[in-house]
Amino acid sequence: MQTKNIIIIIAALTAATTATAQQPHHELSLHISGGISTLSTNSPPLRTGAGGGLGYTYRFSNHWGIATGIEAALFNGKRSLNPQSETYLRNDGTEDFNYTYTLTGYRDRQQAILLGIPLMLRFQTDIKMPNLTALQGFYAALGGKVGIPLSAKFNNSTDQLTASGQYASGKFVLNKPKFMGFGNFTDLSNKGSLALKTAFFASAEAGLRWRLNDKLSLATGLYVDYGINSIRPSAAAPLIDYHGSDNYQPNSVLTSTNAGKPLVDKLHPLAAGIKVGLLFGIPPSDKAPQAPPEPDLAALEAEQQRKAAEEQRLAEERRLAEQKRAEEERLAEETRLAEQKRSEEQRLVEVIEKIEQPMDASMYGGYPLNEAALSEQQKAALDEKAALILQHYPSAPIIIEGHTDNSGTHATNMQLSQERADVVKDYLVQKGIAADRITTIPKAATEPLAPNTSEANMEKNRRVVVMVGEKNN
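All letters in the sequence shown, in the order written, are residues 1 to 473 by this note's numbering.
Derived by calculation from the structure, the hints in this document are not laboratory data.
Fair warning: there could be bad hints in the mix.
[Said to hold, decoys possible] With a cut-off of at most 30 Å between alpha-carbon atoms, the simulated BS3-like pairs for lysine-lysine come out as follows:
id	residue 1	residue 2
1	K261	K197
2	K128	K275
3	K191	K78
4	K191	K128
5	K460	K354
6	K460	K431
7	K191	K178
8	K324	K341
9	K275	K215
10	K153	K191
11	K324	K354
12	K153	K275
13	K197	K78
14	K354	K431
15	K266	K128
16	K153	K261
Let the hints inform the model, and build the full structure from the sequences given.
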């Protein structure tokens, strides 16, 4: 995946700069390099490596420019330790003991690929030699470079490991059993990844440019990238970490400690060697620039007219688009208001239904024969009705109808239904509804809800109905 990402980045940079490669201020280069490429200058012999990449230079004058790009470089490293010993405290699960190891013939090889992003000030000048016409000029660059680790690995081996343990409670030394990690072990090895830190280089290069044709040159020179910071990974474990078994896997020397201190103090990468590249995009600086062609006035006027017509067309399209958006917003607002009105009407219908729900004896436990007093259920229902009236109909007239069953005479039932309506009115007035808004109407047994043929039906007919006057206008 990392290699694929590098290819994508290089391809994107190539596409972006090729479009401007014909302009005098831009130069694109492809290069390879090789020579010394080591992970540390403190661990001779120096190792070799190679690299390659894509460069871009913006020239703000005939001699000076700013160079950047992207490149990948291979770095190698090697460390040897012979012998290496350490004693540290361990616990076998019940008791502490001093674990001691001696390592001979330890070798650790490292390999890393860094993605380099340079930023350098570049200078070049022409050189004319009659006997060497292909020589175009001299160049030099100075600056810095960021090296981002793409991959870093180690591979180590050791000839022999001697491990023993000594408990504080006794003076004897354990040199066995092997399955507990004590004794002599040979041909141990391990490999894995390293978490190197980002590198910062001080970089310089210099060389000669050779003309291949009018727009292509060959650059050959020397370069050096010196790491100014340590990229050593964190060291947190001994070179040989005791785990109570014979499965020893030596850690990398770059990530190991001895007596609590890192075995490798600093890790400064270094690369130097020969660099060869192809430069294209700039005509030779010793070639006189061509005079611009005479302008075609008729063509310029036609182009201006075309641009004016195009701008007018685009302006009309924008106006129509804005008009369409405004119309869509207006329709959306009308739809929202209509939906809001429907919701409000539906809510008021539900409110009216709750207010005008009859309070009869069968459902609300009230109105025995010849009684007008309110039950607790009826009072709770009236509390809800009063709250709804005050919230939704604060000024509307209220009509209260009193009803009876057919027991008794009409005159008696008229008086009883009036009393029932008046009791409800008094209760609503106590809840904050003005008395002058309320009209009571006795209905006696003239509007039964059910035939007065059973006690259950007669209970339904003994009721009081509260109505909002506006609904009946």
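Evaluated hints:
1. K261 with K197: Roughly 19 Å between the alpha carbons, so the hint for K261 and K197 holds.
2. K128 with K275: holds, 23 Å
3. K191 with K78: holds, 13 Å
4. K191 with K128: Outside the cut-off at roughly 55 Å; violated.
5. K460 with K354: holds, 17 Å
6. K460 with K431: holds, 26 Å
7. K191 with K178: With Cα atoms ~23 Å apart, K191 and K178 stay inside 30 Å; holds.
8. K324 with K341: This hinted pair holds, its Cα atoms lying about 26 Å apart.
9. K275 with K215: holds, 20 Å
10. K153 with K191: This hinted pair holds, its Cα atoms lying about 7 Å apart.
11. K324 with K354: violated, 45 Å
12. K153 with K275: holds, 26 Å
13. K197 with K78: holds, 18 Å
14. K354 with K431: holds, 17 Å
15. K266 with K128: violated, 47 Å
16. K153 with K261: Since the Cα atoms of K153 and K261 sit roughly 22 Å apart, the hinted pair holds (cutoff 30 Å).
Against the hints set out earlier in the document, violations occur for numbers 4, 11, 15.
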